[in-house]
Amino acid sequence: MESSYIIGSIIVATLATYATRIIPFLLFRTREPSPLIKYIELNMPLMIMVILVFYALKDVKWEAYPYGLAEIIGVCVAIALHVKFKNALLSIFIATLTYMILIQNVF
Amino acid sequence: MNFVAIFKLTIPVMMGYIPLGMAFGLLLSKLLIPWYYAFFMSVFIFAGSGQFLALTLFASQATILEIGIATFLLNLRHTFYGLSMISAFKDFSWKKHYLIFGLTDETFALLKTSDVPEANREKAYLWITFLNQCYWIIGSVVGALLGNVLPFNYAGIEFSLTALFVVLSIELYKKNRLHKPFFVALIIGLFGMILFPPQKMLILSLCLAAFVLIVFKRSMENGK
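Here the protein sequences come in this chain order: U and R. Counted the way my numbering counts, the first sequence spans residues 1 to 107. Counted the way my numbering counts, the second sequence spans residues 1 to 224.
Extracted from the complex, chain U is given alone in its bound form (with noise of 0.2 Å):
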């Protein structure tokens, strides 16, 4: 593979990206936002959120063995410790470490 290749498609992903990334902030820089894009400021970050659990399980394969059976298991895991003692890092470390030793040993 060439280097100017490489290069020049990195440089062209970088603004891609970024370009992405200022958008809303060019949009806005002036005017104050309206009512409703507060309201979307407000709660489309929890929706975002949920949505990333979703899209961090597309590539499970539900309709073979194991069913996503480890992923729905961690993701039970962080849910219940995070409701009963309300520390990220424990939830996070205690649902992964769940899920390694499922996929690793397990299944």
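FYI, nobody ran anything at the bench for these hints, they're computed from the structure. One or more of the hints may lead you astray.
[Said to hold, decoys possible] For each label pair, taking beta carbons as the anchor points, the in silico distance ranges come out as:
id: 1; chain 1: U; residue 1: L15; chain 2: R; residue 2: H179; range: 37 to 43 Å
id: 2; chain 1: U; residue 1: L90; chain 2: R; residue 2: R177; range: 24 to 30 Å
id: 3; chain 1: R; residue 1: N222; chain 2: U; residue 2: M1; range: 24 to 30 Å
id: 4; chain 1: R; residue 1: T63; chain 2: U; residue 2: I73; range: 41 to 47 Å
id: 5; chain 1: R; residue 1: V43; chain 2: U; residue 2: D59; range: 36 to 42 Å
The model shown is predicted, which means the values in this text are computed figures rather than measured ones. Virtual Cβ for every residue (Gly too), placed ideally from N, Cα, C.
Please arrange chain R on chain U, whose structure you already have, making use of the hints.
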């Protein structure tokens, strides 16, 4: 918020970014691309799925224009993140450009849920973004250089990012005044995961969510 508290906040991202970055670096080295390009890509592009996509396109010898368009479309979801950060970044100095540049899925998630006192918010946000990018760079360079020889079986560690999103969803649910968007997003996410093509699942689901949020504003605000 002191440095230790900020660092603790970023640990889940570290647990996800280092192995994921390593997977990226490993893939890059398998395409026989020199390791320092892993470094440059993670410094300048800094978009997980975007960088994996770039490698896939390298492998199929896509044109530079195609790479640009595909990256733009894949990362279009970040527009929604920016939209949710406008007021948060409004009074920051020129350094906010680094925050905007570094607004990945995970950084957005941390910034949106962290409770930083307003006085040192800009500094804390910069540190969170910078630490996250460091994890990503370290992972990708280590993966490119020695992903093949590491003996540790870290299969499954990327689940920490899934768990992070789960935990932060609960946090935001508790914070949010309206609860209906949460249940709508649950349905859309499930629906999107099953029905949408995996590469387009995120942007399609987010557009659908934004659409429902706006069109049904009245009923979202009714009740609770």
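Here's how the hints hold up against the structure:
no.	hint	in the structure
1	L15/U x H179/R: 37 to 43 Å	39 Å, holds
2	L90/U x R177/R: 24 to 30 Å	27 Å, holds
3	N222/R x M1/U: 24 to 30 Å	57 Å, violated
4	T63/R x I73/U: 41 to 47 Å	44 Å, holds
5	V43/R x D59/U: 36 to 42 Å	27 Å, violated
Hint check: violations occur at hints 3 and 5; the rest are consistent with the structure.
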